Each structure stands twice: as structure tokens, then as C-alpha cells.
Amino acid sequence: LAKTTQPISMDSYEGQEVNITCSHNNIATNDYITWYQQFPSQGPRFIIQGYKTKVTNEVASLFIPADRKSSTLSLPRVSLSDTAVYYCLVEVSNAGKSTFGDGTTLTVKP
Amino acid sequence: EAGVAQSPRYKIIEKRQSVAFWCNPISGHATLYWYQQILGQGPKLLIQFQNNGVVDDSQLPKDRFSAERLKGVDSTLKIQPAKLEDSAVYLCASSFLAGKLNEQFFGPGTRLTVL
Numbered sequence: 003l004a005k006t007t008q009p010i011s012m013d014s015y016e017g018q019e020v021n022i023t024c025s026h027n028n029i030a031t032n033d034y035i036t037w038y039q040q041f042p043s044q045g046p047r048f049i050i051q052g053y054k055t056k057v058t059n060e061v062a063s064l065f066i067p068a069d070r071k072s073s074t075l076s077l078p079r080v081s082l083s084d085t086a087v088y089y090c091l092v093e094v095s096n097a098g099k100s101t102f103g104d105g106t107t108l109t110v111k112p
Numbered sequence: 003e004a005g006v007a008q009s010p011r012y013k014i015i016e017k018r019q020s021v022a023f024w025c026n027p028i029s030g031h032a033t034l035y036w037y038q039q040i041l042g043q044g045p046k047l048l049i050q051f052q053n054n055g056v057v058d059d060s061q062l063p064k065d066r067f068s069a070e071r072l073k074g075v076d077s078t079l080k081i082q083p084a085k086l087e088d089s090a091v092y093l094c095a096s097s098f099l100a101g102k103l104n105e106q107f108f109g110p111g112t113r114l115t116v117l
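Line by line, the protein sequences are chains A and B.
Plus 2 on top of the position in the first sequence (first one is 1) and you've got the working numbering.
Plus 2 on top of the position in the second sequence (first one is 1) and you've got the working numbering.
FYI, nobody ran anything at the bench for these hints, they're computed from the structure.
Computed from a prediction, not measured in an experiment: that's the story for all the values here.
Hints are not guaranteed to be accurate.
Derived DSBU-like pairs (lysine-lysine); straight-line CA-CA distance at most 30 Å [what the hints assert, rightly or not]:
(1) A:K56 / B:K46
(2) B:K80 / B:K17
(3) B:K64 / B:K13
(4) B:K64 / B:K85
(5) A:K56 / A:K111
(6) B:K64 / B:K17
(7) B:K13 / B:K46
(8) A:K5 / B:K46
(9) B:K85 / B:K13
(10) A:K54 / A:K71
(11) A:K71 / B:K46
(12) B:K13 / B:K80
(13) B:K85 / B:K46
(14) A:K54 / A:K5
(15) A:K5 / B:K64
(16) B:K64 / B:K46
(17) B:K80 / A:K5
(18) A:K71 / A:K56
(19) B:K64 / B:K80
(20) B:K85 / A:K5
(21) B:K46 / A:K54
With these hints in hand, go ahead and build the complete structure from the sequences.
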């Protein structure tokens, strides 16, 4: 399984766009990239998943360059409630095997 | 739609005692996962079931941990005997399919404290 590397922590202010980058140098051809959000005392919650280029949903965008060795989660106009830990996962297609790293703690300040 | 249910929510035991956790996944989800999350770390996959078969248990400490998935629905995770380092939150998750578009839905977890 591809190992992922993320910054340990990030700070931002309300209304700003936040970009969290994840490195996954050993990603395989059939692997997918998935991001989860976790609040204290709760289980992780799915945010977005992608294979290449750009994926956008109602809460975030995921940018994956052509070499797929990294990916960037973009959160537009964050609010205080976006303060959480964000995990990048590489998942093996057709197997579901995945490994969570230690995540990025995002703190949004007023 | 009902989410993933887990019980108990909290458990305190002494080392060398036994403990069991229960998980009821979302109806129709074929894949079920058990994770261990130690404070300050990301979730670590212990075991993954596809229906009632084991897909991956490579990180399950099999000398003390066991898990089963009855009839491909509910699942139990047991620790016997517990050690101090087993103190963690045990998360259960389920997904409709494994792999592509594999959105995992997590339960609230069981916080285990081993004294």
C-alpha cells in the first residue's frame, strides 16, 4: 500500500480557502485517493475521492496532477466548523484496502 | 438511513480481562471494517470483511484479538486478554462495495480504557 505524507497541522482564518497537500509517491495504477474529515469523539467522514485531474463536490475539490504522486484537497471559504483532522488515503481499487496516515489538524480561527 | 451502530460507547477494564465490541453496519453494505485509533494517530485497520469472509487481517494481533461477522451482517471484535496498550477507540465502518467509490461510513466508536 502506498504511504501518504501530510503536514501535521495548518492554521487558517474564516472565509479563506485552505489547500492541504498529500504526498503518495508509490501510488499504483489502480489506486484511488480519498479524503476524510474527523471531528473529536466522532468517526471519520468521507469528503471526496478521485483518480486523476480534478473532482469537485458541494464541500470540496480534489486536484490530482498527471503523475499522481500528490493530491491537494481544497476547502473553499472555511468556517470555524471546519476545524478538524483531515486524512488522505490511497485505496486499492477492487480491494478496498487502505491505510490512514496521521492526518492534518486544521484549525480555523475567527 | 440509519448509520453504523456500535456498542458499548465506553468501556473500562483492567489488564488481562476480556472485552467484546459489537457493530451493526448499514443495511446492504457488504464490506465491514474494524479500526483501532490510538489518541493522536490515524485509524489503523485491524480487519476487513467482505460479507462474512475475511479480506485482510494482516494487522490484527491474532494472539489476543479475534473478530467474526455473523451471517455477513453484524460483527463482534474481542480482545482476550487486554493489555494497557489496547487503550484506544475502536471504530467500525461499512461500505457498499470495496474499492472504487468506496465510501466508508463510520460508527461513533467504542472508547476502551485498560487500567
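Checking against the hints above, which ones are violated?
-> Every hint satisfied by this model.
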